[in-house]
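Respectively, the protein sequence lines represent chains A and B. Per this note's numbering, residue 425 is the first one in the first sequence, and the count goes up by one each step. Per this note's numbering, residue 425 is the first one in the second sequence, and the count goes up by one each step.
No lab work stands behind these hints, which were simulated from the structure alone. One or more of the hints may lead you astray.
You can't tell identical chains apart in this list, so a pair holds if it fits in one copy or across any two.
Lysine-lysine pairs mimicking BS3-like chemistry, simulated, CA-CA at most 30 Å apart [said to hold, decoys possible]:
#1 458 - 524
#2 863 - 524
#3 701 - 795
#4 483 - 448
Listed below are the residues making up each chain.
There are 2 protein chains.
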Amino acid sequence: MADDHGVTPQSEDFSAWYNELVAKAQLVDRGPAKGTMVIRPYGYRLWELLQGELDRRIKDTGHENAYFPLLIPESYLRREAQHVEGFSPELAVVTHAGGKELEEPLVVRPTSETVIGEMMARWISSHRDLPLLLNQWANVVRWELRPRMFLRTTEFLWQEGHTAHADAADAMRETMLALDLYTEVARDIAAIPVVAGEKTAGERFAGAVRTFTIEGMMRDGKALQAGTSHYMGTNFAAAFDIHYTSAAGRLELCHTTSWGMSTRMIGGVIMTHGDDKGLVLPPRLAPYQVVIVPIGRGEQGERTLAAARDLAARLTAAGVRAHVDDRAQLSPGFRFNDWELRGVPIRLELGPRDLESDTVVMARRLGEEGKQSLPLAAVPASMPGILAEFQEFLLRRATAFRDERTTPVGTWESFTAAVGSGWALALHCGKPSCEDDIKARAAATPRCVPLDGAAETGTCVRCGEPSAYGKRVVFGRSY
Amino acid sequence: MADDHGVTPQSEDFSAWYNELVAKAQLVDRGPAKGTMVIRPYGYRLWELLQGELDRRIKDTGHENAYFPLLIPESYLRREAQHVEGFSPELAVVTHAGGKELEEPLVVRPTSETVIGEMMARWISSHRDLPLLLNQWANVVRWELRPRMFLRTTEFLWQEGHTAHADAADAMRETMLALDLYTEVARDIAAIPVVAGEKTAGERFAGAVRTFTIEGMMRDGKALQAGTSHYMGTNFAAAFDIHYTSAAGRLELCHTTSWGMSTRMIGGVIMTHGDDKGLVLPPRLAPYQVVIVPIGRGEQGERTLAAARDLAARLTAAGVRAHVDDRAQLSPGFRFNDWELRGVPIRLELGPRDLESDTVVMARRLGEEGKQSLPLAAVPASMPGILAEFQEFLLRRATAFRDERTTPVGTWESFTAAVGSGWALALHCGKPSCEDDIKARAAATPRCVPLDGAAETGTCVRCGEPSAYGKRVVFGRSY
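The task is simple: from the sequences and hints, build the whole structure.
What follows is the structure, encoded as structure tokens:
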């Protein structure tokens, strides 16, 4: 069997590297309809693990899951003017059902603000009903002309939080809480050191008053928006009549929020940690944290296979996701390459000589140390610590990479140089026309105004007008 | 505040009882598009708990979750003749997307055999790739003319297992394994004593060679099909070219299966256990297993509320899903009725006098015992046992109900009497025309040929021809 584990090097063509890798690592396949993807078991398990971490945090902060219909009357979207303008070009529309033409077409939800707004209006009457904290795990459809697996697909999976509050202050607290959850999951689970900040007016969600984002730097220096949280003000409440009676007996409009994180995050994991050998998965998201490869033929092979299974059982009992690669028909080298391609954090090789000496050979997917021989009996107890170290190593590595490629700039020349390989931190006038000019000339956009940026004012890096925002803005090319 | 907990009695109008209850218990609301439902947090939590139980069993038996696209080219459905015939009348069709008319319309999946078949054909080449054991959690759409919340809705949530095997024997083992999982989940988790059996030819899934089902008896005596498992033979493999090379080097067609359980099960739980006061939830599916109602006003109210919260924390630590009803503005009686309506298995009432004597009053949602006073300190340790007993009680009660209303019949008169209030066990000739005749005259259909039925032959209860199947068939009216 030919070894088909090679992918185009990142340095040669990052985009080809990505496209080849997601297919060869068996994360996805192409769906039959334009821009759709099939998420294969290895990719879906990654999503389930991410989902579990995020769902727990969403519930722990008082939100409840619910489910709203996929099909939404077209007229609902028109009730919020900016919303329909933003989403119209991307809609898939059901015009026929049950063998007949529908009186009113139904859109396949691109997001659920409208139908949830309609329900909030039914369910909320008193201040005692607030805050209403809902979340939904669902599929959404946005017609995609330039699809890219995980990053931009016609259908994707996500969670969308939707909440209603008595006033702006409470809704803004919620908006920032959701952003904090996303930052934590990205950093602690996906090992992506995202920058959290606010979008400029031109990059806001259709219908939002303020939009916040977490942005990760990919290994080609581009930015990936990995989660967003929106304060809607009373825009949707006004469009859908979401009112409540206050303690003082007055009828008031609610303030709403929405926030989402999607299967796009998996693309972020791939492009933050992967290398020319393939995926590198953070242990907390790896479907298999440890793969054991038994080596040897015939009777020897049977003995190492039995020992591998025993070790896997002890690792499982220690809370480690372990897998035995029992494909004896494939060479050890082929299997090693296969698990490197698929990004397994720790590989354990178990040959007849290892078994004789009660040891096992450990190879980390990344890092300075070469292979190490470990006493077999000690492996289950030490593995959680080894995995935690690997998780931290990935976060340190990604943080260093991001910091090296993030440059405070004061001139246009240094700006264009910085966005060629990473991010520029620049003062900006805040004018949409100047943003457009920058986009046209440098293919870069303001990714966010970082929450933790130091106070600074001066002149716009592009047009020289006085700076806005009171701090530097992160600019970069993006997905 | 008026007490709005009343529902029409079951005996008066079962259907009105059901429709009022699902709304008043806040399980669901109507969606804007015809026949769609919104699953509210209380209903969705029920589904999540069921999902967790089923998902664990599906994974433990070697299946992997994956995700396939929602939108399927219309031509895919036409490849399997029976399949398209069965589903055509129920399809929702996307004809426009991204602002343009599509060259080929896309159907919103009514089920995923076709798109998964296409992928299986890509992924399977050798006998080493078999069996391929996949499962998907997803929404599906089947246009519904007579919608009923949970039971028949235009969109519903389900899992669909899809597997491919080397031969008929292995595929049949899988078909029965899935049926066993469903039987176990229905019985042990939902406390529904289902009858497992095979569908007659006229009731088979569109495209299947054999269809198996689990059927539960609702409290109006009707049958609810609560899960099905299908052996497809090589029908889909032939339509989608799902081949493998055998160990002997020959190209062979795969044998496939599919099996599904849906949000319909929640309707089954409601109609198996509910009564005129409202829902009765089996503890293993109850969002709140125990609700604590603190009683008293002013300072006394504060003390009982604090004690209720402390007790809830200790119950949570003991693995019990506990909730404190802190709605002090509502009377105790209103709150008691509310939790009876919502089916909480155990209610704990905590008033000032209980607190003085370090006791709490326990009321079971159903059963012979009246209220009981329990020592407060002992409640957390004893609650798991009390809940397990209540779970068993519900299963025993439902089993007795089903058995009382299941009648072996030998004459047409006794047949029509039996299906008026429950199920008839009858010998049948197996002819579709005779099934149709029975349906027209008694509004009853063969629910299944039970797997564990005793061997028996004789003459058809309707037409007098020799019986088929070698055992009695379960007949009943159904949802």
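Tested hints:
1. Proximity of residue 458 and residue 524 under a CA criterion of 30 Å is satisfied in both settings, with 25 Å inside one chain copy and 13 Å between copies.
2. For the homomeric pair residue 863 and residue 524, the shortest alpha-carbon distance between copies (28 Å) is at most 30 Å, but the shortest distance inside one copy (46 Å) is not.
3. For the homomeric pair residue 701 and residue 795, the shortest alpha-carbon distance inside one copy (17 Å) is at most 30 Å, but the shortest distance between copies (67 Å) is not.
4. Taking CA atoms no more than 30 Å apart as the test, residue 483 paired with residue 448 passes between copies only; the shortest distance there is 24 Å, against 35 Å inside one copy.
Comparing the model with each numbered hint stated earlier shows that all of them hold.
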